[in-house]
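Participant: If you want the building blocks of each chain, they are given just below.
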Amino acid sequence: MSTMSALLPLATLASSLLTAAVIFMLPEQAVRTRTALNLAAALIKLVLVIWMARGLVAGEVYAVEFAVVEGLSFVLRVDALGLTFAGLSSLLWLFTTIYAIGYLEDSPNRRRFFGFFSLCVASTLGISLAGNLFTLLIFYELLTLSTYPLVAHRGTPQALAAATVYLRYTLSAGLVLMIGMVALQVLAGDLRFGQREFLAALGPEARPWLIGLFWLLTLGFGVKAALVPLHGWLPRAMVAPAPVSALLHAVAVVKAGAFGIVRLVYDVYGIAFSASLGVLDGLVVIASVTIVYGSLRALAQQELKPRLAYSTVSQVSYIVLGIGLFGPLGTIAALAHLLHQGLMKVTLFFCAGNYAEELGIHRIDELDGVGRRMPLSSLAFTIGALGMIGMPPVVGFISKWMLGMGAMQAEMPWVIAVLVASTLLNAAYFLPILNRLWFRPGPAHGIGTWPAERAPSRLETSVWLLLPALATALLSLLAGMLAGLPFSPLQWATRVVEQTYLMP
Amino acid sequence: MSPTPLHLLWLLFAPLALGLLAWVRPPRHSGLVLFVAMPLPLVALWLLLGLDDGPMAGQLALGPLTLHWRLDGLAALLWLLTQLLLLASALYAAGYVRTTTLGQRAYAWLWPLMGGLALGLGLIWIAADLLLLYAGLELMGLCAVGMMLLPGNAEALTAGLRYLLFALVGSLTWLLGIALLLGAWGRLDLAGMAGLASVAQPDPVTQIAVALLASGLLLKGAIFPLHSWLAPVHGSAWTPVSAIHGALVVKASFFILLLLWRALLPEAIAGAWALGLLGSLAVLWGGIQAWRAVGLKQLVAWSTVGQLGYLMLAFPLLAGTSAAVALMAWQATWLQLAGHALAKAAMFMAAGNLLLSTGAHRLEGLTGTSRRLPLSLMTFGLAAVTLMGLPPSAGFTAKWLWLQASLASGQWLWVVVLALGSLLSAIYVFRVLRCSFVEDAPEQAFRSLPLGMELIALVLALAAIGLGLAAGWPLSFLAPVGVP
Amino acid sequence: MTIAPAAVSAAAWVLVSLLLFLAGFCLLHRNLWRACQGFVAFALLMSLAWLVLGSPWLALAEALLGALLTGGTLLWTLRGRGALPRLAPVDETPRRARLSAPLRWLLILSWLGLSGVALVMLLGLDALSPPTSTSTLLTATGVLIMGLGLWAFSAQRHLLRRLLAFNLLGSGVFLLLAGVAAPVPVSMIAHLEPAPIAEVRALIFIGLVVALLGSVLGAALLLQLHAQAGQVTLTPMAPRHPGR
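Residue numbers (our numbering), protein chains in the order written: chain P, 59 to 562; chain Y, 41 to 524; chain F, 16 to 259.
One chain only, chain P, in its complex shape:
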């Protein structure tokens, strides 16, 4: 092993950690320095992650570890699965950073915001590179701590209340996770991810314990993954600024929860052992309930961001559903959707933020005719929404298709009914929005006024806000159309499955 192998994961982690530290030290007024630093760090991180991806394909091993106390180690280890999540978060972080710079222009407390923003992404990266449960928990809790100031950022009573609810859920969940992980360690020692045979070898008397611990840990991860009934914090956290919502919904928080479940099933218990314990069926049921319930609640929302929030509740559970479907296709669907949902959801939130910033629009019935005033944002929104519904050629179609195939493979045809129902519901809550955007006359046609229009600029809105939305929309389109090319999300997910799970 070369020194490079230890250095790269650390450098990737440090690229955001150090940025956070430096940003906290910079004065509030140093806007240009901070912007440059943010963008440079995001780019460097992306480059490092791509570098590691290429190295991993070429067979390199990247790992660091040291003992914290005897029998308990801090382990960073790059594997294909972790890199999937790392790649997603670093790519979307770049766009979210750009967006946040534009969004928070001239607002107070930007130092605090960007400091914790970097810390948040550092934690996400740590979660993806963690090599055992102890390390995963460290970054998982760090994520909780670093997102709290972001949710509370505006300091209004609603924001503080939402942040408190967020903490209540996530800290309790962290505690549950910790107890579960410690119990697992007592049973089986300091397990590295990928040492799946240990738990399976424990013998039949440990099985009730293992099943109990599985559900305990799922309970812990399920809060961040917003599984019903643990989703209560997510819609309330909508009061946070739009980039934070994007971060919570697409890049970091709910993904961290889903990723935790992925790790738990594939790398701690092992998919075959999980199936033999019978816990996968439970996951499928929970995911199905969450999918349908989230969609129904989304349908009932009259405001844009809460509707998107409930849509997240529903969509993230596709990942859990894919995990629960025993078989390679289900796994591929889960991993691919981890990436796809991120791309589409971040687009939707960027656009929602644009509407709010440019025109002061928060409610859905205020969206009439926005397509004329802001055609590019609305186009991006349309791509994202169609993707969510599952319309080809956007990537959402691939997710749903693979899920359906996975359900057939796992011999659970009723899951297809859930998918169809969910698709219909998705259409029911997204199509009216699209209708309003493009086909209903509104203030742009001279009927009524926008709630709070900003002074018109050269483009439909600030470049900083527009470009990220367009870029992610384009990516979700391309990822769908070019799904067959190497390094597309689908191909990468297939590679993960082939290399790591089914052909050991």
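Keep in mind the hints are simulated off the structure, nothing from the lab.
Any given hint could turn out to be false.
[Stated by the list, open to error] Sample of chain P residues at the chain Y side, in silico, Cβ under 8 Å:
#, residue
1, 130
2, 132
3, 218
4, 230
Just so you know, even glycine gets a beta-carbon here, dropped at the ideal spot from N, CA and C.
Please build the complex by placing chains Y and F on the supplied structure of chain P, with the hints as guidance.
Facilitator: Okay, now just chains Y and F, sitting in the frame of chain P:
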């Protein structure tokens, strides 16, 4: 050159000498304090590193009187921690005097008292007989009371007097316990007593004696239910004094208690459980009171009551459990003690900075601090991470080890206590942090503080965090579940 | 200096009854001035007791630290110092209600009970019969004085009287300490090492110093508190858990 007893003697008395010097000419610049006092922690570190060949031990004969001492890894670590925290507090005090109006004479008195405290604590860490322990405990107690009284206002006086009375009665309880032990064993050195205790059945006299010793120590250590003096005394004390007191003084009593328990009643499971239960109540009660506290310093002081409760879990987890469990509990205890000491000092300093700058004593007065005092607030938050036991802090690693020890030994109760304690601490910590986010607060006159005062606290808080991942190094000095 | 046991007996009985009388006088007298004088006399008698127990150095220390310095400080505190207002010479504060604090009584009784049981175990059952040696007699006196001191410490509110009570409590503990360790104890575990007399004396000496420092500090604080807030008790309103 390897450490000799003379070096120990130097490290014991040098702080006192410096304190007396500073009494004559009270320092007003942190730089001077740093320059003069820096050698102390360095020597302590050198002593620690010089212990490679095993612990040092010896006797000192003063006429017919024989004093026993020993310096093992644990004692050296604690001594190093003591010197570091005293230095930090001294640096802070030098900045503190410039930003507040303190009485000149009172400020001068701070220094010899601090020196005496250093001597007392040093004696406690290295004492190997009850006589030296008694001397150290009393010296520390009196100096601590003296320091608490320095503000001189009526509030401080009543709180200090209450503390004094408690401490004096506590010391008599302790002396009575020693009297009985002396009657039962005819000796005072811990090693000898431990040797006898390991072969003899525990007799009722020893149990009564240890019960008396324990209650004296619980009283001095502010451990539930004998904690009532702690919160008022911190409410009025100077910040650097609160910092040392919360970080070190109350810990010394716990240290002695654990030392005696391991030596005299290593297998007394019922008593150990009783102590563990007391600790559990302390965790809950301290947490609830901190939740309800009105003032920031009271909140921090109540959190000390709760956090000390965690330490008491060491007794049931060490008594009669398997070697692996005992090792985890042993490591967790010292890690928590060190982490909490650093974090609590940092937290008191950060809280002191916030109060000093806003002039408010209630939590509601902290609104808007995130914009004006980001560094102190950040320090408070970082220190709170350790107290809540969130990663990657010493508190987290300690909590992990404790959970593991409790689950491995089947003592489920402590899991519940640890969980509830963590939740309670999160609740009271975020009560503070929440206030600081409020934006629509009336503009207050913020006083600017010297950067040094904020940086000292930050360094301590970061040390508490760093200790979580770098726990392996200090723990490597601990003897495996040492009987002294 | 060995004195024939039979000869001491009468003298020792006189000494012990005087000690008890003075302890009670000093704790019960509401006139603080008298109480403090009683304390000085008590400390001098204690010094005599140390002499009887064969430790002249402790006797000297007791006379100096206990009678002269502690007693002197307390008397001086009463006389008033400099510009600080004088304390009222008579304690007017009400005693705490007798049945208000069962917990307090429980603590006192368990303290006494525990030490009594332990003593009986250490000294053998004949400790319960009329004492035969001077040291046993003094040990028993120590327990009684401890009881008086504890009661007064918890029942009274005036801080000066509580300081006095603390000092007497301390004296009781010292007597017990000396009594337990000084003769060859008949303990549960047979050990033939000589009792560490030097260590016992050192313990008592440290105890005396601590008591002196505590009293001096407490008295000075009391004066300050009286000057600043006009109170001579810890809590004017006396709530159970004051000052949260």
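Participant: Confirm or reject each hint.
Facilitator: Hints versus structure:
Interface hint at residue 130/P: satisfied, since its Cβ lies 7 Å from the closest Cβ of chain Y, which is below the 8 Å cut-off. A hinted interface residue such as residue 132/P counts as satisfied when its beta carbon comes closer than 8 Å to some beta carbon of chain Y; here the least separation is about 6 Å, so the hint holds. Against a cut-off of 8 Å between C-beta atoms, the interface hint on residue 218/P holds, since the closest Cβ of chain Y lies about 6 Å away. The interface hint given for residue 230/P holds, since its Cβ lies 7 Å from the closest Cβ of chain Y, which is under the 8 Å cut-off.
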